[in-house]
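Peer 1: Given next are the chains, with one letter for each unit.
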Amino acid sequence: MVTAIGTPPDILVAGAAVGQVAVLDEPLSFWGGFDARSGTISDRRHPQFGLLVSKRVLLMPAARGSSSSSSVLAESIRLRTAPAAILLGLPDEILALGAIVAEELYGLVMPIAVLTGAAWNEVAAAESVELRPSGELFVL
Amino acid sequence: MTGVVLDLTADDAAMLDGSRGPALGFAMRIITRTAAVMGADQLLSISGAHIDSCLFHGQAGLDFAARLVSDGAAVRVPTTLNVASLDLLHPNLFRGSQEAAKSARQLMQHYQSMGCKPTWTCAPYQEGVRPGIGQHVAWAESNAVVFANSVLGARTHRYGDFIDICAAITGRAPAAGLHLDQNRYGNLVFDLAGLDDAVLANEMLPSVLGLYIGARSGSHVPVVVGMPEMGEDQLKELGATAASSGSVGMFHVVGSTPEAPTLAQATGGTRSPEVVLVELADLRQAWGLLSTVSHHKLGAVSLGAPHYSVSQFAKLLALLDQRRINRNVSFYVNTSRAVVAELELRGWLNQIEKAGIQLVTDTCTYITPVMAPFDGAVMTDSAKWAYYAPSNLGVDVVLAATEDCVTSARAGRIVRGETPW
Numbered sequence: 011m012v013t014a015i016g017t018p019p020d021i022l023v024a025g026a027a028v029g030q031v032a033v034l035d036e037p038l039s040f041w042g043g044f045d046a047r048s049g050t051i052s053d054r055r056h057p058q059f060g061l062l063v064s065k066r067v068l069l070m071p072a073a074r075g076s077s078s079s080s081s082v083l084a085e086s087i088r089l090r091t092a093p094a095a096i097l098l099g100l101p102d103e104i105l106a107l108g109a110i111v112a113e114e115l116y117g118l119v120m121p122i123a124v125l126t127g128a129a130w131n132e133v134a135a136a137e138s139v140e141l142r143p144s145g146e147l148f149v150l
Numbered sequence: 028m029t030g031v032v033l034d035l036t037a038d039d040a041a042m043l044d045g046s047r048g049p050a051l052g053f054a055m056r057i058i059t060r061t062a063a064v065m066g067a068d069q070l071l072s073i074s075g076a077h078i079d080s081c082l083f084h085g086q087a088g089l090d091f092a093a094r095l096v097s098d099g100a101a102v103r104v105p106t107t108l109n110v111a112s113l114d115l116l117h118p119n120l121f122r123g124s125q126e127a128a129k130s131a132r133q134l135m136q137h138y139q140s141m142g143c144k145p146t147w148t149c150a151p152y153q154e155g156v157r158p159g160i161g162q163h164v165a166w167a168e169s170n171a172v173v174f175a176n177s178v179l180g181a182r183t184h185r186y187g188d189f190i191d192i193c194a195a196i197t198g199r200a201p202a203a204g205l206h207l208d209q210n211r212y213g214n215l216v217f218d219l220a221g222l223d224d225a226v227l228a229n230e231m232l233p234s235v236l237g238l239y240i241g242a243r244s245g246s247h248v249p250v251v252v253g254m255p256e257m258g259e260d261q262l263k264e265l266g267a268t269a270a271s272s273g274s275v276g277m278f279h280v281v282g283s284t285p286e287a288p289t290l291a292q293a294t295g296g297t298r299s300p301e302v303v304l305v306e307l308a309d310l311r312q313a314w315g316l317l318s319t320v321s322h323h324k325l326g327a328v329s330l331g332a333p334h335y336s337v338s339q340f341a342k343l344l345a346l347l348d349q350r351r352i353n354r355n356v357s358f359y360v361n362t363s364r365a366v367v368a369e370l371e372l373r374g375w376l377n378q379i380e381k382a383g384i385q386l387v388t389d390t391c392t393y394i395t396p397v398m399a400p401f402d403g404a405v406m407t408d409s410a411k412w413a414y415y416a417p418s419n420l421g422v423d424v425v426l427a428a429t430e431d432c433v434t435s436a437r438a439g440r441i442v443r444g445e446t447p448w
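As you go down the protein sequences, you meet chains A and B in turn.
Quick note, the first sequence lines up with residues 11 to 150 if you use the numbering used here.
Quick note, the second sequence lines up with residues 28 to 448 if you use the numbering used here.
Bear in mind the hints are in silico, worked out from the structure with no lab data behind them.
Quick caveat: nothing in here was measured; it's all calculated off a predicted structure.
In silico DMTMM-like pairs for lysine to aspartate or glutamate, Cα to Cα no more than 25 Å straight-line: (1) B:381 / B:369; (2) B:342 / B:154; (3) A:65 / A:35; (4) B:342 / B:369; (5) B:129 / A:45; (6) A:65 / B:90.
If you only want the chain B side, here are some residues facing chain A, beta carbon under 8 Å, derived: (7) 56; (8) 60; (9) 64; (10) 82; (11) 87; (12) 90; (13) 167; (14) 185; (15) 187; (16) 189; (17) 270; (18) 316; (19) 415; (20) 418; (21) 419.
No residue lacks a Cβ here, since even glycine has one placed at the ideal position from N, Cα and C.
Could you build the full structure based on these sequences and the hints that come with them?
Peer 2: This is how it looks when you write it as structure tokens:
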């Protein structure tokens with residue numbers, strides 16, 4: 011059964027994605043915290059250290075830390091190790107830049123959206139979700 | 028996006044539609060797409076830029092820079108460069124592959140060829156690049172951003188790689204975020220009234236507090252009250268740490284930073300901002316997170332993240348007191364080539380070498396393979412280094428005051444003085 015999630019997210023980078031949900035319990039810096047070659051969380055202090063997030067819909071409360079995260083995300087999109095989409099609790103321009111540049115350089119789209127209110131819990135509880143370019147989000 | 032319409036000037040529009048050439052067209056496209064993400068309704072002019080994109084993270088960054096160069100890009104405002112992946116003054120230290128070195132060097136050359144100054148430092152503010160109060164700039168590198176906003180009173184958003192050079196090329200940036208008055212006011216107060224004088228005077232307080240504040244602030248602008256007046260090196264440490272554990276782009280310390288002469292001015296009359304009473308137990312917990320081991324063999328010492336300042340070297344030399352460090356310990360200090368030139372003028376360089384210290388310039392020990400193999404943990408006085416090195420290098424770290432790092436390096440084992448933590 012496909013269920014639409016109430017409040018549509020705020021789209022930072024538009025695109026379509028379908029994937030299993032990977033939930034992070036704490037904010038992550040992609041630089042120093044995500045390995046673009048393997049697509050795993052590499053921050054030893056992060057609760058999801060070691061989690062493979064490639065091709066999954068990554069739900070994270072916020073980004074943090076380094077301004078180099080744009081480059082790390084763009085490189086992982088190029089290498090096809092990036093998440094299918096990133097859903098954030100707070101907007102972040104540094105991650106958005108990585109996705110924008112990968113799209114401009116390689117035509118590879120990895121959408122980023124900001125969830126509000128109850129939508130967060132609905133996605134966190136879902137096995138898989140689909141994000142459409144319009145911003146509509148469905149629990150699969 | 029937010030539904031805000033971006034109002035471009037005729038000049039902006041001409042850049043965007045490609046009539047000023049492909050480089051300006053490409054750069055303006057990145058700027059306007061990011062402006063939409065930030066909810067900006069217009070762009071503003073900047074007077075300078077600091078570029079983080081020159082640090083090599085893979086082919087994407089190189090492809091991006093190569094595209095700009097081949098399109099004929101040139102910066103139109105004074106622009107400095109952040110650390111890169113190579114130490115050009117000490118090339119023999121590099122332990123990575125030839126291929127990685129070649130790509131890193133190519134990337135550095137691309138940014139120089141666009142007219143950026145080869146400063147290769149994460150602390151441009153330590154070498155006279157100090158935009159004044161209210162001046163708009165586009166800086167990347169999280170510690171430089173937080174220093175520019177908080178300590179200099181200049182205005183930059185927390186820019187990431189790619190948009191930094193696009194802003195330098197176009198001279199324009201989104202009028203949003205920390206460029207605007209209303210987003211610079213403090214809205215989360217950290218009150219230190221519950222801490223005693225010994226804690227407030229402790230050398231590591233800026234690091235420990237920075238970690239705690241960064242992790243607690245989310246998208247807020249934190250304000251610290253109850254802190255004795257802080258010096259520039261301390262503010263640098265507080266900001267760098269808060270920008271590592273969180274996404275802080277600006278903070279206020281009442282009585283120390285330019286936009287916070289009083290709490291009321293720092294908060295801009297924000298009606299009753301949330302107040303966090305900082306307790307010693309919170310700081311103890313933060314302190315505990317910064318070291319990965321407590322009793323361990325000492326492998327190496329690494330200071331200077333952000334790059335060590337001249338005043339930090341003065342303190343280090345006083346602590347060394349012309350004695351040499353233990354021959355079994357590698358001791359690195361990361362700094363900029365401009366600071367090294369100043370050390371030479373002061374006659375300090377010779378003393379540093381005699382003590383057995385290896386300077387690392389243009390880069391940093393946690394972003395590129397320069398440290399010789401060692402057995403044991405790394406001691407550092409930098410919370411930012413302690414924060415990132417375990418993941419980046421796979422090493423264990425012990426954070427300690429500079430004095431403890433020097434004592435340990437001389438003894439050849441980890442020695443830590445009493446701390447309130």
